[in-house]
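Protein chains: 2
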Amino acid sequence: MSFLDFRYRFKDSDIDLISFGELLVDLITNEEEALLSEAEQFSRFFGGSAGNVAVNSKRLGANTRILTRIGKDSFGDFLLNVLKRENINTETIQLDKKRKTPLVFVNKTSKTPAWLAYRDADKYIEFNNDVEKIVNKTKVVYLTTFILSQNPSRKTALKVIDLINKDEEKSLAFDPCFRPVLWPKEDDGKKLVKEVISKADFIKPSLDDAEYLFGPDTPQNYIDKYLQVGANIVILTMGEDGVLVSDGKEKMRLKVYSKKVVDVTGAGDSFWAGFICGILDGRKVKDAVKLGNAAAAFKIRGVGALSPVPDKKYLLKYIEEQEASQ
Amino acid sequence: MSFLDFRYRFKDSDIDLISFGELLVDLITNEEEALLSEAEQFSRFFGGSAGNVAVNSKRLGANTRILTRIGKDSFGDFLLNVLKRENINTETIQLDKKRKTPLVFVNKTSKTPAWLAYRDADKYIEFNNDVEKIVNKTKVVYLTTFILSQNPSRKTALKVIDLINKDEEKSLAFDPCFRPVLWPKEDDGKKLVKEVISKADFIKPSLDDAEYLFGPDTPQNYIDKYLQVGANIVILTMGEDGVLVSDGKEKMRLKVYSKKVVDVTGAGDSFWAGFICGILDGRKVKDAVKLGNAAAAFKIRGVGALSPVPDKKYLLKYIEEQEASQ
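Quick note, the sequences are listed as chains A and B, same order.
Residue numbers for the first sequence follow my numbering, beginning at 25 and rising by one.
Residue numbers for the second sequence follow my numbering, beginning at 25 and rising by one.
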């Protein structure tokens, strides 16, 4: 059987997904194409890959928790209020009295955006009994690279990975988004990201991610390089050129459903939410990828990482129509 | 002779004033009276007490340097560009490759604004040969409490204070703006601020500053308390109630020149710039206070910490007219 037809099965668990990574405030320039050093006006948004995956997967019906650390401050209050509005249980969010909620400034551009991260509480996610308990109760952990880049959060992430790897009925979904500027030492960062890739069930790099890790190359070669460092299933997203999926034995290309782009912020996170929810449902891997594609298609039509994702029934119908017309 | 008629004399020096403290980006809410946790739009301004005092004193004719540390990043570029436009020599600004330019979020309100500081490079101002050289070449050092609150900048500040104290022909102007939230330990902070007060030639607390340090009391009692901890000349600013000045032997109240308030951000920094420039000119202490009052009067009529301060000639003429009409 092709891996694309494989359906993952999970034990009955209290929690479907732990979204483990950064929850932060995005401050996006109002001026189009302005340099960050010149922009005068900023708009505040809910952000961070783990935050976006948590909200989108919850909207698609998953029982999601978010494992992160933010400051006990005004920006932390804002993020908690958004999560409560989305009916997400926030008990697993660590609140730091001494350190601040992280921020990322981003410039609005049609090219690759410039960004500047103000990190603080997010570097200090603690491993403790509560973390161990919820990890033991989940089916899937989604993990970001941002959180791996600094200790003590890195140590916590490595312990969570070990817990997942010990249990054959749990899956690790890893977003291998390596950016040298976030790491104390670039080479150590690359090495660790490759190590975690080998421990994950699914990785979803973009072409940018692949270039940061391996240098310039072709999509086909990137797939091979991820497999060489030990990846299990690689989902390479290539913007409007679609998605290339491989398990090492087969490669398959899937088309994107929409080329109408308003804002790509958080498109990768929407894909992850759709894909993971598909896997959690027991759908075939290829159908989970389609659900990821559909969630991303809706995302890029709206502004902000949390532009409305429709419910799963609607997404499934949309996929059917799109497949019929292709 | 009354201390109010005293004129300070300084040796000929290369530099008039070193403004030593925080240079940072203010991000002020666009919405009026919005909580920081609810505000959606922010405007970016040049800010930080040391930055404001540097720009305003330079506009009033002083040869000013600014001693601070910011990140080698987009926000640092913005601050450097403003200083260059103001023709301020930026050689004494330390640029940090690893740490970020500090930020302060502030809400726009007619009450006492809420704020949230993201500190980083500003905590790491180094004492080195260059710092020692410029301190030895200056007449006055203006020092903020913000920079005293965290090491290693605190250690650098204490060394600079020692250099100034060793030379009878130099003066230390200290802004005793104690805010517990910025200090690792509140009691240690209060103790150190009182110690530095005893080493300064001039301090200019506001009523808020006095309450944070001594608890609720009357202006007259505040003056006595500052003198008891060893202050030399105290200038207590009381908003529209004017300024109370004392050296321990005499007390004198001076009226403010303008009650027309648009925005008080940076009013204290404008006062400091006017006052220090008056002292540097060899004017009587009371005339330097008047120059401070006049600079603040122009400041509060405009928005932003750097709303245009007119040139010194104009300010002096304005003082004459105001005094004649009182």
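Worth flagging that the hints you see were computed from the coordinates, not collected in a lab.
Among the hints, a few may not be true.
Sample of chain B residues with no beta-carbon within 10 Å of chain A, all distances over it, derived [to be verified]:
1. 59
2. 101
3. 109
4. 124
5. 127
6. 140
7. 161
8. 245
9. 265
10. 276
11. 341
Mimicking SDA-like on lysine to any residue, the simulated pairs with C-alpha atoms at most 20 Å apart in a straight line are [stated by the list, open to error]:
12. 108(B) with 334(B)
13. 147(A) with 325(B)
14. 121(B) with 174(A)
15. 275(B) with 248(B)
16. 122(B) with 140(A)
17. 121(B) with 310(A)
18. 122(A) with 141(B)
19. 121(A) with 138(B)
20. 121(B) with 204(A)
21. 308(B) with 27(B)
22. 218(B) with 161(B)
23. 108(B) with 122(B)
24. 121(A) with 204(B)
25. 161(B) with 36(B)
26. 121(B) with 132(A)
27. 132(A) with 65(B)
28. 209(A) with 120(B)
29. 35(A) with 174(A)
30. 310(A) with 29(A)
31. 273(B) with 108(B)
32. 121(B) with 61(A)
33. 122(A) with 138(B)
Computed from the model, here is a short list of chain A residues facing chain B with C-beta under 10 Å [what the hints assert, rightly or not]:
34. 105
35. 129
36. 142
37. 332
38. 342
39. 344
Virtual Cβ for every residue (Gly too), placed ideally from N, Cα, C.
Against the structure, the hints:
At roughly 7 Å from the closest C-beta of chain A, the C-beta of residue 59(B) falls inside 10 Å, breaking its exclusion from the interface. With a cut of 10 Å on Cβ distances, residue 101(B) falls inside the contact zone with chain A, its closest approach being about 4 Å. Its beta-carbon lying about 13 Å from the closest one in chain A, residue 109(B) satisfies the requirement of being farther than 10 Å from that chain. With a minimum CB-CB distance of about 6 Å to chain A, residue 124(B) fails to clear the 10 Å threshold, and the non-interface call is violated.
Not every C-beta of chain A lies more than 10 Å from that of residue 127(B), the closest at about 7 Å, which undercuts listing it as non-interface. For residue 140(B), the shortest C-beta to C-beta distance to chain A comes to about 6 Å, within the 10 Å cut-off, and the non-interface label is violated. Residue-level check passed: residue 161(B) sits 31 Å from the nearest beta carbon of chain A, beyond 10 Å. Distance check on residue 245(B): its Cβ is at least 34 Å (rounded) from any Cβ of chain A, clearing the 10 Å threshold; non-interface status holds.
The claim that residue 265(B) lies off the interface holds: its Cβ sits roughly 31 Å from the closest Cβ of chain A, which is beyond the 10 Å cut-off. A cut-off of 10 Å between C-beta atoms confirms that residue 276(B) is not in contact with chain A; the least separation is 41 Å. Every CB of chain A lies more than 10 Å from the CB of residue 341(B), the least distance being 34 Å, so the non-interface label holds. A hinted pair counts as satisfied when its Cα atoms are at most 20 Å apart, and residue 108(B) with residue 334(B) qualifies at roughly 19 Å.
Distance hint between residue 147(A) and residue 325(B) is unfulfilled; the C-alpha atoms sit about 43 Å from each other, more than 20 Å. At most 20 Å may separate the alpha-carbon atoms for a hinted pair to count; residue 121(B) and residue 174(A) meet this at roughly 17 Å. Note on residue 275(B) and residue 248(B): the hinted pairing holds, with a Cα-Cα distance of about 10 Å set against a maximum of 20 Å. Distance restraint check for residue 122(B) and residue 140(A): the Cα-Cα separation of roughly 12 Å lies within the 20 Å cut-off, and the hinted pair is therefore satisfied.
The straight-line distance between the Cα atoms of residue 121(B) and residue 310(A) is roughly 45 Å, outside the 20 Å bound, and the hint therefore fails. Between residue 122(A) and residue 141(B) the CA atoms are separated by roughly 12 Å; this keeps the pair inside 20 Å, and the hint holds. Distance check on the hinted pair: residue 121(A) and residue 138(B) sit about 17 Å apart at the alpha-carbon level, within 20 Å; holds. Taking the CA atoms of residue 121(B) and residue 204(A), the gap is about 14 Å. The hint holds against a cut of 20 Å.
As the CA atoms of residue 308(B) and residue 27(B) are separated by approximately 9 Å, the hinted pair is consistent with the 20 Å bound. At most 20 Å may separate the alpha-carbon atoms for a hinted pair to count; residue 218(B) and residue 161(B) exceed this at roughly 27 Å. For a cut-off of 20 Å, the pair hint linking residue 108(B) to residue 122(B) is broken: about 23 Å separates their Cα positions. Only pairs whose Cα atoms come within 20 Å are accepted, and residue 121(A) paired with residue 204(B) is accepted, the gap being roughly 14 Å.
For the hint pairing residue 161(B) with residue 36(B), the CA-to-CA distance comes to about 9 Å; that is within 20 Å, so the pair holds. A C-alpha spacing of about 25 Å is found between residue 121(B) and residue 132(A), which places the hinted pair above 20 Å, so the restraint is violated. Distance check on the hinted pair: residue 132(A) and residue 65(B) sit about 15 Å apart at the alpha-carbon level, within 20 Å; holds. For a cut-off of 20 Å, the pair hint linking residue 209(A) to residue 120(B) stands: about 17 Å separates their Cα positions.
Note on residue 35(A) and residue 174(A): the hinted pairing is violated, with a Cα-Cα distance of about 32 Å set against a maximum of 20 Å. Taken as a hint, the residue 310(A) and residue 29(A) pair is honoured in the structure, with Cα atoms around 7 Å apart against an allowance of 20 Å. A hinted pair counts as satisfied when its Cα atoms are at most 20 Å apart, and residue 273(B) with residue 108(B) does not qualify at roughly 43 Å. Restraint check for residue 121(B) and residue 61(A): satisfied, since their Cα atoms lie roughly 16 Å apart, inside the 20 Å limit.
Under the criterion of a C-alpha separation no larger than 20 Å, the hint pairing residue 122(A) with residue 138(B) is consistent with the structure, at around 17 Å. At its closest, the beta carbon of residue 105(A) sits 7 Å from a beta carbon of chain B; the interface hint therefore holds under the 10 Å criterion. Interface hint status for residue 129(A): upheld, as the beta-carbon distance to the closest one in chain B is roughly 8 Å, under 10 Å. Using the Cβ-Cβ criterion of 10 Å, the hint placing residue 142(A) at the interface with chain B is satisfied: the shortest such distance is roughly 5 Å.
With a cut of 10 Å, the hint placing residue 332(A) at the interface with chain B is violated, because the nearest CB-to-CB distance is about 18 Å. Evaluation of the residue 342(A) hint against chain B yields a violated restraint, the C-beta minimum of about 31 Å exceeding 10 Å. Taking 10 Å as the C-beta contact cut-off toward chain B, the hint placing residue 344(A) at the interface is violated, the least distance being around 38 Å.
Checked against the numbered hints given earlier, the structure breaks hints 1, 2, 4, 5, 6, 13, 17, 22, 23, 26, 29, 31, 37, 38, 39 and satisfies all the rest.
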